[in-house]
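Asker: Add chain F to chain A, keeping to what the hints say.
Chain by chain, the residues:
Number of protein chains: 2
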Amino acid sequence: MKTVLTYGTFDLFHVGHVNLLRRLKGLGDRLIVGVSTDEFNREKGKQCLIPYEQRREIVSAIRYVDEVIPESSWEQKVSDIRAYGVAVFAMGEDWQGRFDFLRAECEVIYLRRTEGVSSTEIRVLLKSFDEEKVRQIKEALDLIANVARDLS
Amino acid sequence: MKTVLTYGTFDLFHVGHVNLLRRLKGLGDRLIVGVSTDEFNREKGKQCLIPYEQRREIVSAIRYVDEVIPESSWEQKVSDIRAYGVAVFAMGEDWQGRFDFLRAECEVIYLRRTEGVSSTEIRVLLKSFDEEKVRQIKEALDLIANVARDLS
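Going down the list, the protein sequences come from chains A and F. Under the numbering used here, think of the first position of the first sequence as 334, with each following residue one higher. Under the numbering used here, think of the first position of the second sequence as 334, with each following residue one higher.
For reference, chain A alone in the conformation it holds in the complex (with noise of 0.2 Å):
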């Protein structure tokens, strides 16, 4: 059995999501998500909108994943790849030469975000914004400051 393993923090879950979880299956047999703790995230820098345990939830809802384990530091790649026996380890293409280092464990591939993963992917949502859909939005989200003022 060959396991693909890879990591992400699957934000805003959007079908971009769902190209490239699907293509990472396809690369073996079994699939294993790291996903980003919100804890990982603070300390990259990088804020979520989505807490982490749903995240997860959603990330394991999809058909293509086999299993779920948080990522919660830069070293656990090498423990992980020995832990779950990978023979493929893979990445978007926008960490191209970043994860090299592992050639030493086990393949490691970039994935070309050829399915409208990335920037096509925002031109068509963008597209389908019309300036009406935008004040929509912007309506809701003073609705949710407030209600967070409120709330807090």
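Hints listed in this document are in silico derivations from the structure and should not be mistaken for laboratory results. Don't take every hint at face value.
A pair counts as met if it fits within one copy or between any two copies, since identical chains are not told apart.
[Unchecked claim] Mimicking DMTMM-like on lysine to aspartate or glutamate, the simulated pairs with C-alpha atoms at most 20 Å apart in a straight line are:
{"hint": "1", "residue 1": "K358", "residue 2": "E390"}
{"hint": "2", "residue 1": "K335", "residue 2": "E386"}
{"hint": "3", "residue 1": "K335", "residue 2": "D362"}
{"hint": "4", "residue 1": "K358", "residue 2": "D399"}
{"hint": "5", "residue 1": "K358", "residue 2": "E440"}
{"hint": "6", "residue 1": "K358", "residue 2": "E426"}
{"hint": "7", "residue 1": "K377", "residue 2": "E408"}
Answerer: Only chain F this time, still in chain A's reference frame:
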């Protein structure tokens, strides 16, 4: 084999949708989800942020979902129930009573939203937004509005 049928929009996919789909699947052996088309939403005066093709693809990727069909009219429910041999028609309790007329065709269940699917869910999400996050979202939306104007 007991077939369950539901309908929904599934805009901006979140953990509440995952919980709902898991519980729906638990009502039988096969879950069919009717995802509302953009045209049908316009007809209902409802605007979606995410286009139908993407909403369909995300719902299809959820492991609890066996089949996705388009929902394009109010009238299709009876014909879908007959065509797919549906045993259970199930919706959230916000639709309580609205589909009792389908009891002539199959079992009709309104699911209680006990698992953080609606208001509780939103409160949890809101609590995770501090004012800094809300400010960041607004900046991002301003950017989107500008880019959307440039693209159109």
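Asker: Are the hints correct? Go through all of them and say.
Answerer: These are the hints, each one checked on the structure:
1. Proximity of K358 and E390 under a CA criterion of 20 Å is satisfied in both settings, with 18 Å inside one chain copy and 16 Å between copies.
2. Taking the closest pair of Cα atoms, K335 and E386 never come within 20 Å of each other, the shortest separation being 27 Å inside a single copy and 31 Å across copies.
3. When the C-alpha separation of K335 and D362 is checked against a cutoff of 20 Å, the pair qualifies only within one copy, where the shortest distance is 5 Å, while the shortest distance between copies is 30 Å.
4. Both within a single protomer and between protomers do K358 and D399 lie at most 20 Å apart by alpha-carbon distance, with minima of 9 Å and 19 Å respectively.
5. Only within a single protomer do K358 and E440 lie at most 20 Å apart by alpha-carbon distance; the minimum there is 15 Å, versus 37 Å between protomers.
6. For the homomeric pair K358 and E426, the shortest alpha-carbon distance inside one copy (16 Å) is at most 20 Å, but the shortest distance between copies (36 Å) is not.
7. Within a single copy, K377 and E408 get their C-alpha atoms as close as 13 Å, which meets the 20 Å cut-off; across copies the closest is 51 Å, which misses it.
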